[in-house]
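Protein chains in written order, with the working numbering: chain H, 1 to 666; chain E, 1001 to 1321; chain F, 2001 to 2254.
Derived by calculation from the structure, the hints in this document are not laboratory data.
All residues carry an ideal CB built from backbone N, CA and C; glycine is no exception.
Some clues are possibly wrong.
DSS-like, lysine-lysine: derived pairs with alpha carbons at most 25 Å apart [said to hold, decoys possible]:
(1) F:K2024 x E:K1145
(2) F:K2050 x H:K492
(3) H:K489 x F:K2198
(4) E:K1319 x H:K645
(5) H:K321 x H:K342
(6) E:K1314 x H:K652
(7) F:K2084 x F:K2050
(8) H:K645 x E:K1145
Some, not all, of what chain H presents toward chain F, calculated at C-beta under 8 Å [stated by the list, open to error]:
(9) S267
(10) Q402
(11) G481
(12) M485
Covered stretches of chain H (in silico footprint by chain F; criterion: 3 or more residues with CB under 8 Å from a CB of chain F, positions within the stretch not fixed) [to be verified]:
(13) 371-382
(14) 387-397
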Amino acid sequence: MPERIDYWGIPYTWGSPNIFVYSIMGLAVLIMLARFYLYARIWWQVGRPEMRWDKLHIRTWRLIKYVIFQVKVLWERYPGIMHIGLAWGFFIFFMGTALATIDSHFIKFLSGNTYLLYKFVLDLFTVFFIVGAAMAAYRRYIQRPSRLTLSSGFTYSLVMIVVVVTGGLATESLRLAVERPAWGWWSPAGWLLAQLWMAIGGSAPALTSWHLIVWALHLFTVAVLIATVPSSTLIHLLTAPLNTFFSNIDRPVGELAPIAETDTGESIFVDSLDDLTWTQLLNGDACTECGRCQDACPAHAAGTPLNPKELILNIRGALHKDGPSILAGNGNTPLLVGERIKDDVLWSCTTCAACVRECPVLIEHVDTIVDMRRHLVIEGRIDDMLQEALSNLGRYGNSFGQSERARAKWTRNIEPKIKDARKESVDYLWFVGDYASYSASMVDITEMTANVFNKAGLDFGIMYEAEQNAGNDARRVGEEGLFEMLVEKNMKAFSKSKFNAIVTTDPHSYNTLKHEYNSSNGHYPVFHYSELLDKLITTGKLTFKKKLGYKVTYHDPCYLGRYNGVYDAPRRLISATGCEVIEMPRHRDRAFCCGAGGGRIWMDEGEVEVRPSEDRIREAAALEGVTIFVVACPKDVTMYRDAVKTTGMEEKIVVKDLIELVEEAI
Amino acid sequence: MNQDIYAVVESLQGQVADISYIMLAAARSLAHSSGGDVVAVLLGNGSQGLANTLAADRVIYYDNPALAYFNSDAYLKVLASLIRQNEPRAVLFGNTSIGADLASCLSARLDFPLANSCHHISAEGMLISQVCGGKIMTESVLSDKTTLITIIPGGYKPELGRSDAAPNVTQVDAPALEDLRIKLKQYIEPEAGDVDISKESILISVGRGISNQDNVEIAEELAEAFGGVVCASRPVVDQGWLPTSRMVGKSGQKVKPKLYLALGISGAPEHVEGMADSETIIAINSDPTAPIFDIAQYGVEIDLFDLIDTLIEKVAEAKGG
Amino acid sequence: MNIAAIFKMVPDLVEELEISSSGKALDMTWIRLIINELDDHALEQAILLKERSGAQVTIIAPDADGTDDVLYTAAAKGADRLVKLTGDFEEGVNNHALSRALAPVLEELHPHLVLTGVQAHNDLDGSVGPLLAEYLGMPYVGYVSGVEIDNDNCIVRKEYPGGLIAEMEVNLPAVLGIQSAEEPPRYVAVSKVRQAMKTASIEERDATELDPSGGLDVNRMFQPEVGERATMIDGDEDEIATRLLEIFREIGVL
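Same shape as in the complex, but just chain H:
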C-alpha cells in the first residue's frame, strides 16, 4: 500500500533528521518573526492607535475572501491567474507540509488512496505554480507594463520561490526514480521528471545520494526564504493579510471619518507620519506595488503629479526613513505633507475611489489623501480658485458665489409652483444641489426634471433658499469645518420641513446625504432620481409612450456607482425609454471618473496632459453606432459637454442627462 515515509533516503547517521529540520526551520521562522517584528513595530510606535480588533467574524471573512480566494486579484485575468498559481501553489505546499507533520508525529493517515490524492494535489499545484512563475517572469521581463516597479527585489523573490518549488519537485522525482512505485503517475510532475533520471540510467545509490543533496539544498533554501521574507517582496505574505484583516469595516467608502482628536480634544491634522494611524502606516507597507491603482487613476492618466501607488509608497518610504528619526524626537525630520508628499499631489485627487476599488490588499488611499488635505486647508495652502469656491460656500452656501435667493430662480417658469417643503408637507424632498440650481447650462435640465416629477404625479417639494450645498466635496477637499457648517444648516432646514424621503439628481449630494448625514438626519431614505424613476416605472406610475430606439452609452458617476453601487437603476431606466445601452470598456465599478470630483471642479486644472473627461468622450465615441452619452450627474453634464466641444466630437456624440431621455419618451 502506498504510504508516506518519514525522511525517505535521509540517513540517521547524525541522529533523527527531525532535529536538523525542526531546528533549522525553527531558527528560520524565529529569524523571520524577529525581523518582521523589528520592521513592523514602527507602525504602532509612530502611528496613532486605532481600534481595528472588533467584529472578528467580518474581518475573518475578509481574510477568506481577499487573501485566500483573492477575489480582487482575480479581477484582472493575466495577473490574476499568474498570482493565483503562485499563491495557491504556496498555500497547498504549506498545507501539504503541515499535513506531513501531522502524519509524522500525530496521526498516521497519509497512506493508501488518501496518500495518492495528497501526492496528486501537491503535484498539480506544482504545475500551477510553475505556470504562474513563468507568467510572472514573462510579465516582468518581457511585457514590462509601466505600472510595475521593476526592482531587483522581485527577481530575488521569484528566483527563490522557483528554486524552492523546483527543489521540492526534484527531491520527489529522485525518490520516485529510485522507488519506481506502481502509483508513480499520481505524482505526475515528479514522475515525469523521474523518467529523466531513469533515462539517464542513474543507479539507485547514486540517485539516493543526489536525493540527499537536493533534499538538503531544498531544506536550506526554504530556510533562507523564510528568514528573508521580511526584507523581500514576499513580505506581502504577512502585510497583505494583516492589512486586509485590519481594514476599515465601520464605514462605507462614501463616509469619511471625522477629524481625529487628541485626548485633550484637539484636532489632529496630518502633516507628519505620527499623525497617521498605525493602519494608515500599515497601508504603506502592505502595498504590493502591483500598480492596479495607478492604471485606474484618472489623475495619473491625466498626467497630474498624483500616482496613487507612488503616494502609498512614499508613505512607506517616509516611514522607514523618517520614522526612527521621529521616535528619536528629531525636530528636523522632513514633514510628510509638503516635503515627502507634495501639495499638488494631494490636490490632484478626484476622490473617485477607483484606486480603492482596485487595490487587492484593501488600501484606503482616499481617506489618507483627505486626511492630508485637511492639513493643507487648515494651513491655508489652497489655490485661489478653490479659496474662492470655499469662501463662496461659507458665505452663500453655494460654490457659484450667488445669492441664496437666486437658488430657486430656475423654478420661475414652472407651473404649478413647486411646493415649499418648509411650508407644506411633501412625500419627497428634492435636494436640488448647486449645479442643478445655479449652472446656466443645467437650468433646462433641472426644469425638465421638475416636469417629469410632475407628470409622474410625484408629491415633491424643495427647500428654496434654505438649501445649501450638501458639503460632499467640501469635505473631500479637506474643509471639514465648512462641511460641518453646511450639514448644520441643511439639517436645520430639514427639521423645518416635512417629508418622507429625499431625492436628488446629484450623486455627490446623494452620497453625503445618505452616508454622512445619517448619524444626525433621522435616517430619511435618500434616493437618486434614477432609483426613484426606476421605482415609479416598476410600480406603473410612470409609463412611456415612445420607444426612442437610440443606441446610447451610460457613464456611471463615481459617487453613484462605485461609491453607492447604483448601477442597474439608471440602466433599467434607459432601457425603459427604448434605448439600447452599449457599454464602454470601462463601466460600472470600473467607470472612469470625469475629473471633477473631490473638489477638482473648483480648482485650477494645473498641468494636465489629457483631461479625463476628454479621454472618456473618446472612449464613448469609439463605440460603434453610439450617438448619445447619457449621464446622471449635473457636474457630468457640464464636464462632458465641454469635453465634446474640446475634442471636436460634436458631430459624433451628444451628452444627455438621463432625464432628457425620460422626458422625450413620456
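Add chains E and F to chain H, keeping to what the hints say.
Then chains E and F, alone, in the frame of chain H:
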C-alpha cells in the same frame, strides 16, 4: 462764502491728468447755477505751463519745491489755507489716488461737507453720485457751506474742460511747507509690458467672471483670432494671471480701442474709468444686473464659456476668409 | 509695534439691491453685509506685517450683522485683539460719524500704524482712512499696495494711474489706505474660525454719540435708468456669435 467753483488740478510727471478736465467740465456746470467763476487750483514746481490747457476762468497757481510731486501733507496745508480763506461755493477733486486722499482729509480738517464719487451735475444742479459698484445712484444738493466734491469719470468728456485760450494765472506763495511727514523716495515706472494696451485698437478684456487662469488662455485665443490683445480688470491682475501692464482702470491703463470686448467684467467704476472712452463696448456677462451693461453699446447675457468657442471659430473663419 | 486695522461691513453686491420706501437709502431687509473688500486687504496687510516683523495687531470694526464673524476670522488669521465699536448704527452711519467714533478708540490704543481699505463702494462722504487720519492728527497715504516698516517710518508703495508707483516714506504713526495687500487675503478654515470663537474675545467700546456732520443729505437714491443700457443680443450661441460678427464688421474690426 463766494460763488466760485474750484477744481484742484491733478498732474502726474508733468502731465495734466484727464480727470482734471472732467472736473473743470463739472465745475462749469456748477458755476452756471452758482453764478461764480470756475477756478483751477494748480500746485507744482515750475509747472505754470500746465495751466495753458485748462478751461477755467482763472488759475491759482502755487509754486514750491515741496509741491513738485504729490504729497498729501504739503498739498493739504496749501489747500486748507486757500479754502479756509476764500470759502468758495464748492471745491472739486478727482476721485483718484491724488484727489481722494485730499478731499476727505480737508473735509475733516476744515469741517466742510464732502460729496463723494460725483458722476455728474444734474440739470437741476444736483450732485449725482454713483455708489455700490455703479449699481446705485444718489442725488444730493450742495450744502450751505463750502462743499467738497470728488468727481469720477464718465459724466463729462474731458474735451469740455480743455481750452487753448490760456487762462489768467495768479501765482500765489505757498505757506510754509516744513516738517513734512511724507517724503517721496522714488517713482517706480510700470514694467514695460510686451504690448502697450493703450495703443491697441482691439482689446479683449477679462474680469473676475472668467474664474480661472486657464480661461485667460481662451481669451488669448479669441484675441489672437482677432489680431487684438488681452487686457484685464484689477482682480485678474491681482491674482497674477496677467501682468500689471495689462490692467485697465483706475490704477492701470486708460484705453480707447475701437472695440472693447468685456468678458466677465462686472463694470465697477474703478474699471469703467479706464475704458469708458472706448469706441464700441460689447459686454458678455452671465449676470444681467452687471453695471457693465449700462455703459456697453451691446450686451450678451450668457455663460461666457457657452459662447466663446463658437465665437473664436467664427472670428477665425471670417479672418481667414 | 502696534498695528490697528479697521474694517466695516458693506452691502454685498451679489444681492439685488433695492431702494427703501423712503427713497433715500437701501432697503436693508434683504441686504447681506460683507466685509468691504479693500478692508479685507488692509487686514491681510496687517497680518503680513506681523508675520514679517512682529507686531501686535488689533482689529477694530463698528457693530453690524456679521462683524463678529469677520473679527473672529481675523483672530484665526493671527490678529491679537478684537475691538467692536457698539452704538446706534441700525440706521447706518456715515464715514464722518464713524471716523469720529473710532478716533478715541484708536487714541487709547496708541497705534504706530493704522490700516484701512482705501475706499468702500458705499463711501458717500469720503473714506474712513483719511477722515480718521485728520481726527487723529496723523499723516495719511492712500492707494497703498505695499508697506515696509523701517523704525519710525514706513515705506509705502502708492499707486497712481497708468501703473506708476511712488515709493514714499511716511513718519509713524500714520494712517494708510490700502488698495491691495501684498498677498491676496488668505483663506481660513471654518474650524479655525470656530476655534477662534471659543478662544478669542471681542472687546466692546461704546460710541456714545455719533456726529454725522460732514456728509451731504441724500435727496434720492435710485438705480441707473434702464434706457441707458446696452442693446442686448439674444438667441442661441450660434445666433449670438453671428450677430456679434455683424457688429464687428459694422465697426470695422473685422
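Results of checking the hints against the structure:
no. : hint              : result
1   : F:K2024 x E:K1145 : holds, 22 Å
2   : F:K2050 x H:K492  : violated, 39 Å
3   : H:K489 x F:K2198  : holds, 20 Å
4   : E:K1319 x H:K645  : holds, 21 Å
5   : H:K321 x H:K342   : holds, 17 Å
6   : E:K1314 x H:K652  : holds, 21 Å
7   : F:K2084 x F:K2050 : holds, 21 Å
8   : H:K645 x E:K1145  : violated, 63 Å
9   : S267              : holds, 7 Å
10  : Q402              : holds, 6 Å
11  : G481              : holds, 3 Å
12  : M485              : holds, 5 Å
13  : 371-382           : holds (count 4)
14  : 387-397           : holds (count 6)
Hint compliance for this structure: hints 2, 8 are broken, all remaining hints hold.
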